Amino acid sequence: MSEALRSIIIILSVIGGVMTIAAGLIWVERRLLALWQDRYGPNRVGAFGLLQVLADMIKVLTKEDWIPPFADKSVFFLTPAIIAITTLLTFAVIPFTSTILVADLNIGVLFFLAMSSLGVYSVTLAGWASASKYSLLGGLRAAAQMISYEVFMGLSLMGAVMLAGSFDLRVIVEAQRGLWYVVPQFAGFVIFFIAGVAETHRLPFDLPEAESELVAGYHSEYSGMKFGMFFVGEYIGITLISALITVLFFGGWLGPVLPPVVWFLIKTFFFIGFFILLRAALPRPRYDQLMALGWKVLLPVSLLNLAVTGGIMLAGR
Amino acid sequence: MSDKTVLEELQGRFAPGPVLPQKTLDGIPTAWVPAEKCHDALKYLKYESPRRFRMLYDLTAIDERARTGKTPGQRPDGDFSVVYHLLSYDSNEDVRLKVALKGDRPSLRSAVDIWPAANWYEREVWDMFGIGFEGHPHLRRILMPPTWEGHPLRKDHPARATEMGPFRLPEEKMEEEQKALQFRPEDWGMKRKPRAEGTDYMFLNLGPHHPGTHGLLRIVLELDGEEISDAVVEIGFHHRGAEKMGERQSWHTYIPYTDRIDYLGGVINNLAYVLAVERLAGIEVPERVQVIRVMLTELFRIESHLVWYGTFAQDLGGLSPVFYTFNDRERVFAIIEAVCGGRMHPSWFRIGGVAQDLPRGWDKLVREFLDYLPGRLAEYDNMIMKNRLYKMRTKGVGRITLDEAIEWGITGPNLRACGLEWDFRKKRPYSGYGQFEFEIPTAADGDCYSRAAVRVEEIRQSMRIVEQCLNNMPPGHHKSEHPLATPPLKGHTMHDIETLIDHFLGVSWGPVIPPGEVSFGIEAAKGNNSYYLISDGNTVSYRTRIRTPSFPHMQAIPMMCRGLMIPDLIAILGSIDFILADVDR
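Same order as they appear, the protein sequences are chains X and S.
Last residue of the first sequence? That's 317 in my numbering, and every number before it is there in order.
Last residue of the second sequence? That's 1585 in my numbering, and every number before it is there in order.
These are calculated hints, taken from the structure and not from any lab test.
Please read these numbers as outputs of a predicted model, since none were measured by experiment.
Careful, some of the hints might be misleading.
Below 27 angstroms or equal to it, Euclidean Cα-Cα: the simulated DSS-like pairs (lysine-lysine) are [unchecked claim]:
#1 1023(S) - 1244(S)
#2 1490(S) - 1395(S)
#3 73(X) - 59(X)
#4 296(X) - 1102(S)
#5 1386(S) - 133(X)
#6 296(X) - 1023(S)
#7 296(X) - 1386(S)
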């Protein structure tokens, strides 16, 4: 009984925590961007503008939830939920500490890859179901970009998996007690990070929505809470990728003095901040350049990384 | 080069006698040619004349039917005149050909086969005057909506709403208007080309509201995947009849209208207009006025380029630079506000001078700014111009050759980016620019990156000019003593009655500018901006023609983006630096 209760509490607090962080990130991002762009950002609602999140939520919930008459209604309706659900589900396998995790799957890494593959449907189908040309172009870009980058995302993780000898994320963290995997797997980390940016389609890889080109890309036709789902889904995605980087390459909850969960959060927020900094700093490449970078640079490098890691492990045996 | 003037050449070529010279105040050789000889004469000037007038600088028309006859010089009988203004970069000379046409629906042979740039100009003349062009590939309204009745720049077309009946929009009319806005490729001069079985192009309607178009601009793209196989630009959403207003406002009260043509250019627009009027009136301005004008013009050039810098980066996806450059722009505005009292549209230049003298402490403001900006520019260089992602997006994209640029009438930084070292401030110094030291930045490739590089360097050169103004501001009056300077200096008004009357009339009716014809082109922030003014000896101009740089630049966009992708089109739009009010007027 107490076991079940414990699980329920963990599940609820993970969902609550992730949603709070994702919603709070909207404010964090706006404030950080403002800081880097020599302006104030939202500072009027509540202390430091913290209640802006609440105001935004009220706004997005009370907006007219319009479905264009030309759209494919059922798909149009479903897609925003897909991205939120798939990213949220992945948090089930994230070990926040050795004890706080929802599902101790021994294939955690594969589960994450499977979920992120499903997430592609959300964006692609949203572009398709909107039956608008801008959305369609955004959807097409998203499909190509996310499917390509998933390939090296998977490959870049394999180095860490090989070193730990397990797909279980908790085991991978435990295996980093001596040395964080960012050192032996630096190439893997860099590729995973780049692929993660592409996967969450954030600047500089925000081609599916590319404001100055495609208006709002795949979610041009969305409004109200459906748009809100995409919006929050993006922030959940950022949190997820940052959490995974922490787990796979930066020793998860491991760290001296402070409690494990605090270490986990510190590391995760560092990468979230880096995501936002990227957005403030870089322009976006063109679609074909992005593809070329992926297939011509990242794929060979990740394969090489895999081969070298394997070679060294074999030699060390 | 022959010693003969271009008109003598023409006369020799088309003897006996159809070439009839006309005197103008701007010294540009001007001649009337008969309609049937016009096409040959244009061809001769472009291809055979040793001066090689390779650029169609302007093409416009005049409705002559309301002339009071005060204009000096001979003029053949005609209801309309079509004016061709050509420019030769080889010999730094202009020539103006005029053709007199009779009748209510006259027409003339199209010059599109000589200059591709003539396409839009001829459409504009058709739209505004109802003059047809035989052999034009797509003679359709360009600035006015397709359902418009009449031709606005004809003298019998009303200029203001009070001259027309009340506006009504019944259901049927609204439907008709909306229908007219619908896209049918044939109407746009596009063909539905058959492709391989089962495949088709996608037409994408980009605009009129689109984040990448910087205002109301509609581009219809024919897409093969994301690749642009054809593009048609629709303009006119920002058309406000500025030229028509010129025939209604007095010479003086027209100045605020000029501000709003290139709305980032502020007083640069004033300068082109005021210089043209001063040439008509024969006003020489004091040195101090010249230097003040140069300083303000260059400050506005910096301001305009800063806006371009930030928005260019934003078009390429960079979110932050626009905030930095707009911050810097605020600092320019702080100076402009202190001097002029206004910001974007100060309307501060006057016929014969400027509105007021410089305020106390202006030099401190300017010096602070000059100390501040170089550091920022260096940062932007690192952030944008040296950034590999920006380079990837702009190098080799939207490339035009120098020949193409001249053919299409491209001027300003966009021309210099193709390698031609040509700046009207240097080549035809006006307002005392000849006394300033600065360089003409150029680049070789004619692509988006070159255009950007030229503009960035121009900011630095403009700062050099401002610094020279700061260090060498001559003493003197802020306005000419000439009686036509408006509003006149008040020194004598309280002493003798004649000056008082003059002053009173000058202020209430506005000055009467002597009859004549003049065009004055300056190096504006976006390219060459010129005002072609015809005075009939009245308080208003008989014809005001504004030649703006953005109009031909916009026309060249389909040529530049064919075969590229949508993001490239956005990069090109950003690099061209157009202002839609400058396109549509």
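Here is what the structure says about each hint:
no., hint, in the structure
1, 1023(S) - 1244(S), "holds, 25 angstroms"
2, 1490(S) - 1395(S), "violated, 57 angstroms"
3, 73(X) - 59(X), "holds, 23 angstroms"
4, 296(X) - 1102(S), "violated, 67 angstroms"
5, 1386(S) - 133(X), "violated, 34 angstroms"
6, 296(X) - 1023(S), "violated, 67 angstroms"
7, 296(X) - 1386(S), "holds, 23 angstroms"
Of the hints listed earlier, those the structure fails to meet are numbers 2, 4, 5 and 6, in rising order.
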